[in-house]
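Chain A is fixed; fit chain B onto it per the hints.
Protein chains: 2
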Amino acid sequence: MTDSWLTTPEPTGFGLDNLPYGTVVHGDRPPQIAIAIGGHAFPLGAAAEAGLFDGVLPDTGVLTAPNLDRLLAAGPAAWRAVRARATELLGSRSHAEAVRPLLVRLDAVSNPLPFTVADYVDFYSSREHAENLGRIFRPDSAPLLPNWTHLPIGYHGRSGTVVVSGTPIMRPHGQRLPAPGAEPVFGPTTRLDIEAEVGFVVGVPTRMGQTVSVDEFADHVFGAVLVNDWSARDIQAWEYQPLGPFLGKSFATSISPWIVPLEALAEARVAPPRQDPVPLPHLLGDHWGYDLSLRVDLNGTTVSRPPFAGLYWTPAQQLAHMTSNGASLRTGDLFASGTVSGPQPGQRGSLIELTWNGAEPVRLADGSTRGFLADGDTVVLGGSAPGRDGTRIGFGAVTGTIHSR
Amino acid sequence: MTDSWLTTPEPTGFGLDNLPYGTVVHGDRPPQIAIAIGGHAFPLGAAAEAGLFDGVLPDTGVLTAPNLDRLLAAGPAAWRAVRARATELLGSRSHAEAVRPLLVRLDAVSNPLPFTVADYVDFYSSREHAENLGRIFRPDSAPLLPNWTHLPIGYHGRSGTVVVSGTPIMRPHGQRLPAPGAEPVFGPTTRLDIEAEVGFVVGVPTRMGQTVSVDEFADHVFGAVLVNDWSARDIQAWEYQPLGPFLGKSFATSISPWIVPLEALAEARVAPPRQDPVPLPHLLGDHWGYDLSLRVDLNGTTVSRPPFAGLYWTPAQQLAHMTSNGASLRTGDLFASGTVSGPQPGQRGSLIELTWNGAEPVRLADGSTRGFLADGDTVVLGGSAPGRDGTRIGFGAVTGTIHSR
Numbered sequence: 001m002t003d004s005w006l007t008t009p010e011p012t013g014f015g016l017d018n019l020p021y022g023t024v025v026h027g028d029r030p031p032q033i034a035i036a037i038g039g040h041a042f043p044l045g046a047a048a049e050a051g052l053f054d055g056v057l058p059d060t061g062v063l064t065a066p067n068l069d070r071l072l073a074a075g076p077a078a079w080r081a082v083r084a085r086a087t088e089l090l091g092s093r094s095h096a097e098a099v100r101p102l103l104v105r106l107d108a109v110s111n112p113l114p115f116t117v118a119d120y121v122d123f124y125s126s127r128e129h130a131e132n133l134g135r136i137f138r139p140d141s142a143p144l145l146p147n148w149t150h151l152p153i154g155y156h157g158r159s160g161t162v163v164v165s166g167t168p169i170m171r172p173h174g175q176r177l178p179a180p181g182a183e184p185v186f187g188p189t190t191r192l193d194i195e196a197e198v199g200f201v202v203g204v205p206t207r208m209g210q211t212v213s214v215d216e217f218a219d220h221v222f223g224a225v226l227v228n229d230w231s232a233r234d235i236q237a238w239e240y241q242p243l244g245p246f247l248g249k250s251f252a253t254s255i256s257p258w259i260v261p262l263e264a265l266a267e268a269r270v271a272p273p274r275q276d277p278v279p280l281p282h283l284l285g286d287h288w289g290y291d292l293s294l295r296v297d298l299n300g301t302t303v304s305r306p307p308f309a310g311l312y313w314t315p316a317q318q319l320a321h322m323t324s325n326g327a328s329l330r331t332g333d334l335f336a337s338g339t340v341s342g343p344q345p346g347q348r349g350s351l352i353e354l355t356w357n358g359a360e361p362v363r364l365a366d367g368s369t370r371g372f373l374a375d376g377d378t379v380v381l382g383g384s385a386p387g388r389d390g391t392r393i394g395f396g397a398v399t400g401t402i403h404s405r
Numbered sequence: 001m002t003d004s005w006l007t008t009p010e011p012t013g014f015g016l017d018n019l020p021y022g023t024v025v026h027g028d029r030p031p032q033i034a035i036a037i038g039g040h041a042f043p044l045g046a047a048a049e050a051g052l053f054d055g056v057l058p059d060t061g062v063l064t065a066p067n068l069d070r071l072l073a074a075g076p077a078a079w080r081a082v083r084a085r086a087t088e089l090l091g092s093r094s095h096a097e098a099v100r101p102l103l104v105r106l107d108a109v110s111n112p113l114p115f116t117v118a119d120y121v122d123f124y125s126s127r128e129h130a131e132n133l134g135r136i137f138r139p140d141s142a143p144l145l146p147n148w149t150h151l152p153i154g155y156h157g158r159s160g161t162v163v164v165s166g167t168p169i170m171r172p173h174g175q176r177l178p179a180p181g182a183e184p185v186f187g188p189t190t191r192l193d194i195e196a197e198v199g200f201v202v203g204v205p206t207r208m209g210q211t212v213s214v215d216e217f218a219d220h221v222f223g224a225v226l227v228n229d230w231s232a233r234d235i236q237a238w239e240y241q242p243l244g245p246f247l248g249k250s251f252a253t254s255i256s257p258w259i260v261p262l263e264a265l266a267e268a269r270v271a272p273p274r275q276d277p278v279p280l281p282h283l284l285g286d287h288w289g290y291d292l293s294l295r296v297d298l299n300g301t302t303v304s305r306p307p308f309a310g311l312y313w314t315p316a317q318q319l320a321h322m323t324s325n326g327a328s329l330r331t332g333d334l335f336a337s338g339t340v341s342g343p344q345p346g347q348r349g350s351l352i353e354l355t356w357n358g359a360e361p362v363r364l365a366d367g368s369t370r371g372f373l374a375d376g377d378t379v380v381l382g383g384s385a386p387g388r389d390g391t392r393i394g395f396g397a398v399t400g401t402i403h404s405r
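Read top to bottom, the protein sequences are chains A and B. Position 93 of the first sequence, counted from 1, bears residue number 93 in UniProt numbering, the numbering being contiguous throughout. Position 384 of the second sequence, counted from 1, bears residue number 384 in UniProt numbering, the numbering being contiguous throughout.
Simulated from the structure, these hints should not be mistaken for laboratory data. You may find that some hints are simply not true.
Claimed, not checked - Stretches of chain A that chain B covers, calculated by requiring three or more beta carbons in the stretch to come under 8 Å of a beta carbon on chain B: (1) 171-180; (2) 246-254; (3) 311-325; (4) 328-338; (5) 359-367.
Claimed, not checked - On the chain A side, residues computed to face chain B include the following (Cβ under 10 Å): (6) Trp-5; (7) Phe-137; (8) Thr-211; (9) Leu-283.
Ideal Cβ positions, reconstructed from N, Cα and C, are used throughout, including at glycine.
Bound conformation, chain A alone (with noise of 0.2 Å):
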């Protein structure tokens, strides 16, 4: 059963072998948690409140509260329980009468956060990205450090400015140096760049002292969203000695508005990448990539196409490293992968890498060029995951408006 009743005249990306999670606001009604088929939503609180959840579940509240904290809770025998129903409804026409009613067209509906973001950690998981940084900023080194190829290297960011895609992205301003060696000056930003990225979402949280081996990964973690790490080079480049970034990234990061499933990305399991010097124990077990494709759009042109495939750290890694000290997970920890770039120039997920720290300008469609972002722009992140029978999974797009304050 791949296709559902629900027919649409051209691929949305919203098939039934995607069926992401959302939290949507429609009319007057408060917010609710819903499914996106096609080119529309399925409410989930009214699905529920009509008995088409019934039995379902034990606990049908995890239905009807206005975000998805309570299903990332749930669990695995949850999540499978309620794509098993939703996959009934949306794709066997004996449901169509129910079920049509209840649908709300994608356009006629906002979406706020879909969960509540717990802890966001930030890797930097991508080996071309982390080389074309060091060859950027430290030219006369060897461009990755020597822990990179021993454990995927991350840090915490902001989670109370994760935002939803669409939310207007305020011109952070700070301390910069306005040349090498000068006093700094305090200002906006004058080279505020992009980083695309993927984003994991913890479902199942674990206590303090206890650790999810790589193995594990798919018992904790809900599933995947897009994420534009928004980031302020020169406020990063002059704060980030010796602690890390801080108030670079903290202004904003925005995540896509509805959560791809983990059982949606079967297809787009790859084997991961070859790591050599082998990784030690904890970072070893049953683990994959994901062959994900994404595109970043700088004021409707395409400028990159980064690959996910050839993630050098697999997400599975990376949530094995984050809690192999013991730190426990909270429901709603989002961890990104940090900017996904590939081999290629043109799939090079950030402004810094694509026109080479500024030197080599990005060109729009309108005859314009970038080499960081102006007032006004418009940044869209999308991305795409092969689905059952050469289709495409898609993911919600991650939009961005630039403005200044």
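This is chain B only, laid out in the frame that chain A set:
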């Protein structure tokens, strides 16, 4: 009115000029918020139900809530009103008959985490600490990096592992280099450390794009707690470049159970240290340091007495910096000072400084020595501030005992 009708045989630090807030559990009753007074907790949920706070707040749900989140969000006018009424109730003998039956001995309650920690930011604001670490880690360079005197360096920590005093601390495992240039190994940290800090708790949130000037500190900050930011120095040393500390810190951060309100710290205000160079304008304004005295006890031996008064960057500057890029605040944001170290060897707030990276172990009362923490060790971080009339205001202690995993 500085004395309570509740006389105590010896000063507890919890006099009428303090009135710190926490969350207590007593008997079968669910968690409720409380004020510490002498050797007792004054449960505000029960007091509100008994009508003792009638008319004080438009929304009495603030006082019957299971933790301090709603009081934090209620803002300065509400904070003043509750404090004024509590001062009356606990200060005037005419209320003794009504209040006494509600009081519970502090040793008969347990203290859950007093509030929901939103984002946790750790600064690096003690010049002596930063210089000590610079000398230890980069002996051939200037002890301070060029940015340090221009802005309060900080980074985001893991808010999900901020725990209340008394929570067992599991020795973290992680990757470390057994010797410089050797291959990394994985296992329990061999260099488990403490960091004696003071943290400030945000009550009133802001919008994205809004900043909080140095002058607006008290409009947003509710009060202060003591913080022990446990650190695994070997894990930290191997992982921290280029994105900062991660697993060397994220396993646990302990805070005191009672939040001392900003109003109670009025007597502790001191002029901030002279700053050279003069900071950029967004870090200037009407601000002050706090003359807090910290104490670190390891298995009953006092190993350090860090002074908070000399902190180079003040809490108001930290907050102004943290929001200067437009990052929003949430109720429950916690920002800590970083390790507090004074100029004297006995004033260093971490073992790595006290033992100069383990080379000069500290000797405990039982004759044993420590370079870093051993399993079974108990650390107690205490603190006090000048109160009225020569008395001292006490912070609740932060205790933690090390367990192997």
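Hint by hint, here is what the structure shows:
Look at the region 171-180 of chain A against chain B: 4 of its residues bring a Cβ nearer than 8 Å to a Cβ of that chain, three or more, so the hint holds. Given a C-beta distance limit of less than 8 Å, the hint that chain B covers the region 246-254 of chain A holds, as 6 residues qualify and 3 suffice. Check on the region 311-325 of chain A: 4 of its residues sit with their Cβ under 8 Å from a Cβ of chain B, so the three-residue criterion for coverage holds. Under the rule that three or more residues need a Cβ within less than 8 Å of chain B, the assignment of the region 328-338 of chain A holds, with 4 such residues.
For the region 359-367 of chain A, the proposed coverage by chain B is not satisfied: 0 residues have a C-beta within less than 8 Å of a C-beta in that chain, short of the threshold of three. Interface hint at A/Trp-5: violated, since its Cβ lies 42 Å from the closest Cβ of chain B, which is beyond the 10 Å cut-off. Taking 10 Å as the C-beta contact cut-off toward chain B, the hint placing A/Phe-137 at the interface holds, the least distance being around 8 Å. For A/Thr-211, the shortest C-beta to C-beta distance to chain B is roughly 8 Å, which falls under 10 Å, so the interface hint holds.
For A/Leu-283, the interface hint holds, since its Cβ comes within 10 Å of a Cβ in chain B; the closest pair sits about 9 Å apart.
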